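2 protein chains.
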Amino acid sequence: MEKIVLKFGGTSLGTIDKIKKVANIVKNRKDKGNSIIVVVSAMSGVTNDLKEKANSISKNFDDIELDTLLSSGEQVTSSLLSGALNDLGIKARSWLGWQIPVLTDNNHTAAKILKIRTTEILKFISEDGVAVIAGFQGITKNYRITTLGRGGSDLSAVAFAKFFETESCEIYTDVEGVLTTDPSMNKNAKKIDKISYEEMLEMASLGAKVMQPSAVQMSMLDDIPIHVKSTFSEKSGTKIISENDIDNKKAVTGIAYSKDNAKISIIGVIDKPGVAADVFEPIGENNINIDMVIQNTSLDGKVANITFTIKQEDLKKTLNTIEKNKKKINYKKISYNDKLTKVSIIGAGMIASPGVTHKMFRSLANEKINILAISTSEIKISVLVEDSHTKKAIKALHTTFKLN
Amino acid sequence: MEKIVLKFGGTSLGTIDKIKKVANIVKNRKDKGNSIIVVVSAMSGVTNDLKEKANSISKNFDDIELDTLLSSGEQVTSSLLSGALNDLGIKARSWLGWQIPVLTDNNHTAAKILKIRTTEILKFISEDGVAVIAGFQGITKNYRITTLGRGGSDLSAVAFAKFFETESCEIYTDVEGVLTTDPSMNKNAKKIDKISYEEMLEMASLGAKVMQPSAVQMSMLDDIPIHVKSTFSEKSGTKIISENDIDNKKAVTGIAYSKDNAKISIIGVIDKPGVAADVFEPIGENNINIDMVIQNTSLDGKVANITFTIKQEDLKKTLNTIEKNKKKINYKKISYNDKLTKVSIIGAGMIASPGVTHKMFRSLANEKINILAISTSEIKISVLVEDSHTKKAIKALHTTFKLN
Chain G
177 MEKIVLKFGG
187 TSLGTIDKIK
197 KVANIVKNRK
207 DKGNSIIVVV
217 SAMSGVTNDL
227 KEKANSISKN
237 FDDIELDTLL
247 SSGEQVTSSL
257 LSGALNDLGI
267 KARSWLGWQI
277 PVLTDNNHTA
287 AKILKIRTTE
297 ILKFISEDGV
307 AVIAGFQGIT
317 KNYRITTLGR
327 GGSDLSAVAF
337 AKFFETESCE
347 IYTDVEGVLT
357 TDPSMNKNAK
367 KIDKISYEEM
377 LEMASLGAKV
387 MQPSAVQMSM
397 LDDIPIHVKS
407 TFSEKSGTKI
417 ISENDIDNKK
427 AVTGIAYSKD
437 NAKISIIGVI
447 DKPGVAADVF
457 EPIGENNINI
467 DMVIQNTSLD
477 GKVANITFTI
487 KQEDLKKTLN
497 TIEKNKKKIN
507 YKKISYNDKL
517 TKVSIIGAGM
527 IASPGVTHKM
537 FRSLANEKIN
547 ILAISTSEIK
557 ISVLVEDSHT
567 KKAIKALHTT
577 FKLN
Chain Y
177 MEKIVLKFGG
187 TSLGTIDKIK
197 KVANIVKNRK
207 DKGNSIIVVV
217 SAMSGVTNDL
227 KEKANSISKN
237 FDDIELDTLL
247 SSGEQVTSSL
257 LSGALNDLGI
267 KARSWLGWQI
277 PVLTDNNHTA
287 AKILKIRTTE
297 ILKFISEDGV
307 AVIAGFQGIT
317 KNYRITTLGR
327 GGSDLSAVAF
337 AKFFETESCE
347 IYTDVEGVLT
357 TDPSMNKNAK
367 KIDKISYEEM
377 LEMASLGAKV
387 MQPSAVQMSM
397 LDDIPIHVKS
407 TFSEKSGTKI
417 ISENDIDNKK
427 AVTGIAYSKD
437 NAKISIIGVI
447 DKPGVAADVF
457 EPIGENNINI
467 DMVIQNTSLD
477 GKVANITFTI
487 KQEDLKKTLN
497 TIEKNKKKIN
507 YKKISYNDKL
517 TKVSIIGAGM
527 IASPGVTHKM
537 FRSLANEKIN
547 ILAISTSEIK
557 ISVLVEDSHT
567 KKAIKALHTT
577 FKLN
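Heads up: the protein sequence lines correspond to chains G and Y, in order.
In this note's numbering, each number is its position in the first sequence, counted from 1, plus 176.
In this note's numbering, each number is its position in the second sequence, counted from 1, plus 176.
With the rest of the complex left out, here is chain G (with noise of 0.2 Å):
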């Protein structure tokens, strides 16, 4: 028997027909002879809900009580989904990341999967029974509960594809699966058949949100084929695969955007060895994210400007690192823009099509566009807009690269 692992998300278990529903797919696959390991995610809304009391009672609220308190909501889905599969005449039952147990660091909040014990689940499943698996949560070695973070349920999938050395593993959700961009930002977004890793990992990282990039990446490191496709639809859904499993490679398989970007440039700093150093330690010592990074000299070589982006949420705390160290840093002011958009075109293929960067430029030209900042990988090119043109990068970048 092929053993696979289904994973739903929240919107896909949203209200109790919709419980019945996924309870229905789940029994066709029992049907068709498969051993099965469904991965709930918690109803849409309540971990936030959840989030949100916890933030009522207080702005530091302790990491391992929020585990606890977030953790209950996949403990509702999945003991919900195993009476609706009971209710079909399937066997089932719920594991909780403790019945298992599901072993992880101590790191609150955003543990990592040490190890998830298979033992007693194989041997349900070996008896025809659905081992139902409540996401997103694990428990250290001293028996607190912990949570993996932003699409955690996605991980727990991956990872128990991954330690059950499962055929597949599927992510159903409430998209017929990874398309070449937002459809509310172009409505010519095509569903992409296949796509590989690391264009997954990309795409995800650079504003997808059909997944989440550290479920991605760890499906790339171990290779685990994940297949997205729809709750709500038969249709073939998007293959999440090795490169080398993809035949004809588009020089841009998707176009991705991020908003809620600042850029922030330091003018007239001395020009010596050691000056971005300077810029760039105490801001990380502040646990903020650099994004990209831009250094202009000037043309006697003595005076440089440092440009650099960073999340819009941390602007307040980097312009006010920035300013303590404004004596070391030794600057004559500071300017800075917090309504940018970062648009990425995407493609493993591009590394063998040399006309991509001056066809994104020009195609964003043409449009009078303009560009803020570059940052480029083997296999994405981003550059950075103002926010009121992110339609119109999109819709142009879809077309120059025949996304249509």
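Just so you know, the hints here were simulated from the structure itself, not pulled from any lab data.
Keep in mind that this is a model prediction, so the values were computed, not measured.
Misleading hints may appear alongside valid ones.
Any copy, or any two copies together, can satisfy a pair, since identical chains are not distinguished.
[Unchecked claim] In silico EDC-like pairs for lysine to aspartate or glutamate, Cα to Cα no more than 20 Å straight-line: (1) Lys426 - Glu374; (2) Lys196 - Asp239; (3) Lys317 - Glu296; (4) Lys508 - Asp436; (5) Lys493 - Asp207; (6) Lys503 - Glu562; (7) Lys487 - Asp514; (8) Lys229 - Asp193; (9) Lys227 - Asp263.
With chain G fixed as given, assemble chain Y onto it according to the hints.
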């Protein structure tokens, strides 16, 4: 340091503001130097909401999954309250049933606590920590979650008081304490300062809602004094203690009532040994509880009528059972009335006050209230009356026995 158990019910934890209030109550007690174990219920409404969800998924929702589902409610309040205590600068942590563990039998949805491990919690509270226990829940030796049935967090509180040998067990609720009767039935209801276990057990069994009978029974068996008090006032509440510790035993301490009784009369059965067994055996086999029983024999001693009372919700099932056994029982006809209330007077001093019975009947007769059935024990007298007479009966008895 005095060890105490403080238990807070769902109405005391129903909102974020109430949880903060409870945290302040706990802090006050901590500041006075107590070692504190807090036991919490789920937020009011949550357990019923989860039950409804299970019920809309399946009319026969699996008991084990139901327990997993329901236990999430106390998981939420225990972590929220711990977070609230941390926010007040108090060292506190939540403990779920499985983390302690609270070992129960495997009678899911109504499990019995067998053992509570104390080591870790004792260490924590002796090191100035407040232990916040998710009430209502335990685990079987197979690591499945159990719940303790209706009012289960009261049971948890008494069990923690027992296993940790605490000085007291305080039940915080939304009323001032135990009242002489339901104030919605008689606005003259007064708070009782002290009540014996036995009296409280009868009060609770006969309809008073402030504590569940099973929790009172457990406190009685282990002589664990309980102090019922309000979360929302500073008043002194009610002490539930051993009868020996009560000086002035009143003939009648309180008046309880329960609606939803039904009375069935089986008319014209042959009066021979074994006839009552023929009637009640099949009913018992269908898990229907019989409350009061009256057997009248005709003057010639040949024909009898058997009358008994049951819960209204069991009426249909009981009638079906009797009709199925018509041949064996051999009766003429059945009559029934399903709109009846049982009104009970309770008092440990009753046994020393011979006039109580006739005073009760006279008081009801004066109000022209017909008594349909009677049952008595050493410390209570219950009468069955028409639903419509309930308020009038309680008012009359409240005056007759000087409870105003």
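These are the hints, each one checked on the structure:
no., hint, verdict
1, Lys426 - Glu374, "within (14 Å within a copy, 81 Å between copies)"
2, Lys196 - Asp239, "between (33 Å within a copy, 18 Å between copies)"
3, Lys317 - Glu296, "both (19 Å within a copy, 15 Å between copies)"
4, Lys508 - Asp436, "neither (26 Å within a copy, 83 Å between copies)"
5, Lys493 - Asp207, "neither (56 Å within a copy, 37 Å between copies)"
6, Lys503 - Glu562, "neither (32 Å within a copy, 89 Å between copies)"
7, Lys487 - Asp514, "within (9 Å within a copy, 68 Å between copies)"
8, Lys229 - Asp193, "between (26 Å within a copy, 10 Å between copies)"
9, Lys227 - Asp263, "between (32 Å within a copy, 16 Å between copies)"
Hint compliance for this structure: hints 4, 5, 6 are not met, and every other hint is.
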